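Q: Sequence:
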Amino acid sequence: MMENRRDNASGNLPRGPSGLPLLGNLLLFRSRAHPVSKILTNWAKEYGNIYTLKIGPKPVYILNGYDCINEVFNNPDVAGRNATKTFIAALGEGSGPASSEGQTWTCLRHFTVKHFSSSTARQEEIISEDVERILSALNSKAQTPIDIHSVFRPAFYNIMCKVAFGKSYNYSDDEFKTIADIWDTVARNAGIATLNYTIKLPFGKSHEIFRKVSSLKSLLQNIVGERRSQMEDKSATPSCFVDSYLLQQNEVQGKEVNKHFADANLIWSIVELFFTGTNTPEIVMSSIIVYLINNPHVQERIQQELDNELGDKPPTWADRQRLPYTQAAIAESMRHANNIFLGVPHVSSRPVTVEGYRIPAGSTFMANLDSVMMDPTAFPNPDDFDPERFLDEDGNYRRPKELVPFGIGMRSCAGEQLAHMEFLLMTCSILQKMNFENPPGQDIPTVFTSASGVSRSPRPFKVLVRPRRMEL
1189 MMENRRDNAS GNLPRGPSGL PLLGNLLLFR SRAHPVSKIL TNWAKEYGNI YTLKIGPKPV
1249 YILNGYDCIN EVFNNPDVAG RNATKTFIAA LGEGSGPASS EGQTWTCLRH FTVKHFSSST
1309 ARQEEIISED VERILSALNS KAQTPIDIHS VFRPAFYNIM CKVAFGKSYN YSDDEFKTIA
1369 DIWDTVARNA GIATLNYTIK LPFGKSHEIF RKVSSLKSLL QNIVGERRSQ MEDKSATPSC
1429 FVDSYLLQQN EVQGKEVNKH FADANLIWSI VELFFTGTNT PEIVMSSIIV YLINNPHVQE
1489 RIQQELDNEL GDKPPTWADR QRLPYTQAAI AESMRHANNI FLGVPHVSSR PVTVEGYRIP
1549 AGSTFMANLD SVMMDPTAFP NPDDFDPERF LDEDGNYRRP KELVPFGIGM RSCAGEQLAH
1609 MEFLLMTCSI LQKMNFENPP GQDIPTVFTS ASGVSRSPRP FKVLVRPRRM EL
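Residue numbering for the sequence shown follows our numbering, beginning at 1189 and increasing consecutively.
Bear in mind the hints are in silico, worked out from the structure with no lab data behind them.
Treat the numbers as computed from the prediction; the structure is a model and nothing was measured.
Treat the hints with caution; some may be incorrect.
Derived Cβ-Cβ restraints for the label pairs, each shown as a range [as the list claims (entries may be wrong)]:
| # | residue 1 | residue 2 | range |
| --- | --- | --- | --- |
| 1 | Gln1630 | Ala1450 | 46 to 52 Å |
| 2 | Arg1657 | His1485 | 19 to 25 Å |
| 3 | Val1445 | Tyr1359 | 38 to 44 Å |
| 4 | Asp1372 | Thr1425 | 31 to 37 Å |
| 5 | Gln1509 | Asn1358 | 34 to 40 Å |
| 6 | Pro1627 | Ser1305 | 39 to 45 Å |
Straight-line distance between alpha carbons at most 27 Å, and here's what the computed DSSO-like set of lysine-lysine pairs gives [said to hold, decoys possible]:
| # | residue 1 | residue 2 |
| --- | --- | --- |
| 7 | Lys1405 | Lys1365 |
| 8 | Lys1233 | Lys1246 |
| 9 | Lys1650 | Lys1365 |
| 10 | Lys1443 | Lys1302 |
| 11 | Lys1501 | Lys1329 |
| 12 | Lys1447 | Lys1302 |
| 13 | Lys1365 | Lys1355 |
| 14 | Lys1226 | Lys1589 |
| 15 | Lys1650 | Lys1621 |
| 16 | Lys1405 | Lys1355 |
| 17 | Lys1589 | Lys1302 |
| 18 | Lys1650 | Lys1329 |
| 19 | Lys1405 | Lys1447 |
| 20 | Lys1621 | Lys1329 |
| 21 | Lys1302 | Lys1405 |
| 22 | Lys1400 | Lys1365 |
| 23 | Lys1501 | Lys1621 |
| 24 | Lys1400 | Lys1355 |
| 25 | Lys1422 | Lys1447 |
| 26 | Lys1302 | Lys1422 |
| 27 | Lys1329 | Lys1365 |
| 28 | Lys1226 | Lys1246 |
| 29 | Lys1422 | Lys1355 |
| 30 | Lys1233 | Lys1589 |
| 31 | Lys1422 | Lys1443 |
| 32 | Lys1302 | Lys1355 |
Where is the CB? At the ideal position from N, CA and C, for every residue including glycine.
Generate coordinates for the entire structure from the input sequences, incorporating the hints supplied.
A: Now the structure itself:
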């Protein structure tokens, strides 16, 4: 049924595959027969760069191809968010940089980008601290097959705790375990978090997420209260997102924009930072390890570059210019894995014309990034894993515009640089000192469409870690 064309009963609107009554095309995202991203891209070949899916009873317009997505997602009239919020609606009133609209979004987006761009040195320091913990964990389990997710996950949680509200935890700390448990639940049900803007179920997994996020709200309110008390000392230096936000509140006090920096929006902002800055980076790093295991020649070439350029010196963010092949391998991992192939929905505030179709106000758009990062015009032989596609004729790293793992347009990920820094410092640090191999008897790990249906991640796998140097 889903392969049949849907009649264009609404006039000049994009066609699309037929679906089921009430459910529409929702079952597509539970398909295991074929990768969802490939199905979406194949439909673009049949219906064009924009076509209609129904996620439940509501139409969603799927955009395909860099030029189409770039044009639509850079249109201010398509920068809105759906009025029915996702799982973090359990936080109550408010919105963050990812969920807000209008002037609130403009203010929060500008503030968030400014904060991250002005705190690069602090972010590098934060990441390096947990990189040392990763190295210690890997070294303690050397020569033994380990679950790499269990190593990366707490590190990303702790990094985000420090970035968001300035607290570094022992991984066995009770408060840290509470935070980790909440985000483990969210990660396991990411599909609900992404797609539930059209179908909100008051029971089951959706209810569990709402309950845990509600408890997180109280914890974060207490933490914000602690940071506010500390920042009342005029000599205090801001060291995290919350500190900068509290200073911003003081600066805009009595001004019209003050309403956009309410405490409720701060709580939302913290939660959105966690949602985008923990599970997804952990999936990306695990995917990088999968590709290194599958392509040992790439692992060896990265290590050769690290040995030649850095020796035993710990890597820094500034070193990236000296490591073009390492950057290329990370970029190719993100392109090939395409972990988040459907971005956050955009909603139009006015009627817009896309590819000749007049789409009404209030319509929802989603971008199929597979149609961009697996485009053979931009990336010849896209199914091949080939880091050299990101090197120019002189061996320098180049980033084509079609490399878009963080989205396209006005609402692309504000924390992109932080993520790049994490991936580079972690990859360089562990490959300086470790080799990664597939344990004997285990199937070679690969990256699959996850249970949520809207992302791709490695299935659980173990990796054999071998120290490169005896002094470790």
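Q: Just to be careful, I want the Cα atoms of lysine 1447 and lysine 1302 compared with a cutoff of 27 Å; is the pair within it?
A: holds (19 Å)
Q: If you check the beta carbons of glutamine 1630 and alanine 1450, does the distance land in 46 to 52 Å?
A: This hint holds: roughly 51 Å between Cβ atoms.
Q: Straight-line Cα separation of lysine 1233 and lysine 1246 no greater than 27 Å?
A: holds (23 Å)
Q: Checking one constraint from the list: CA of lysine 1400 to CA of lysine 1355, max 27 Å. Satisfied?
A: Measuring from Cα to Cα gives roughly 21 Å; hence the hint holds.
Q: Quickly compare the C-alpha distance for lysine 1422 and lysine 1443 to 27 Å and report which way the hint goes.
A: The given pair, whose Cα atoms are some 21 Å apart, holds under the 27 Å limit.
Q: Next pair to validate is lysine 1233 with lysine 1589; report whether the Cα-Cα distance is within 27 Å.
A: holds (22 Å)
Q: Can you confirm whether the C-alpha distance between lysine 1302 and lysine 1422 stays at or below 27 Å?
A: Holds: lysine 1302 and lysine 1422 sit about 22 Å apart, inside 27 Å.
Q: Are the Cα positions of lysine 1650 and lysine 1365 separated by 27 Å at most?
A: holds (23 Å)
Q: Between the beta carbons of valine 1445 and tyrosine 1359, is the distance compatible with 38 to 44 Å?
A: holds (39 Å)
Q: Quick one, are lysine 1501 and lysine 1329 close enough, alpha carbons at most 27 Å?
A: holds (23 Å)
Q: Regarding the pair lysine 1501 and lysine 1621, is the alpha-carbon distance no greater than 27 Å?
A: holds (11 Å)
Q: Are aspartate 1372 and threonine 1425 spaced within 31 to 37 Å by their CB atoms?
A: Check passed, 33 Å falls within 31 to 37 Å.
Consistency note: the structure conflicts with none of the earlier hints.
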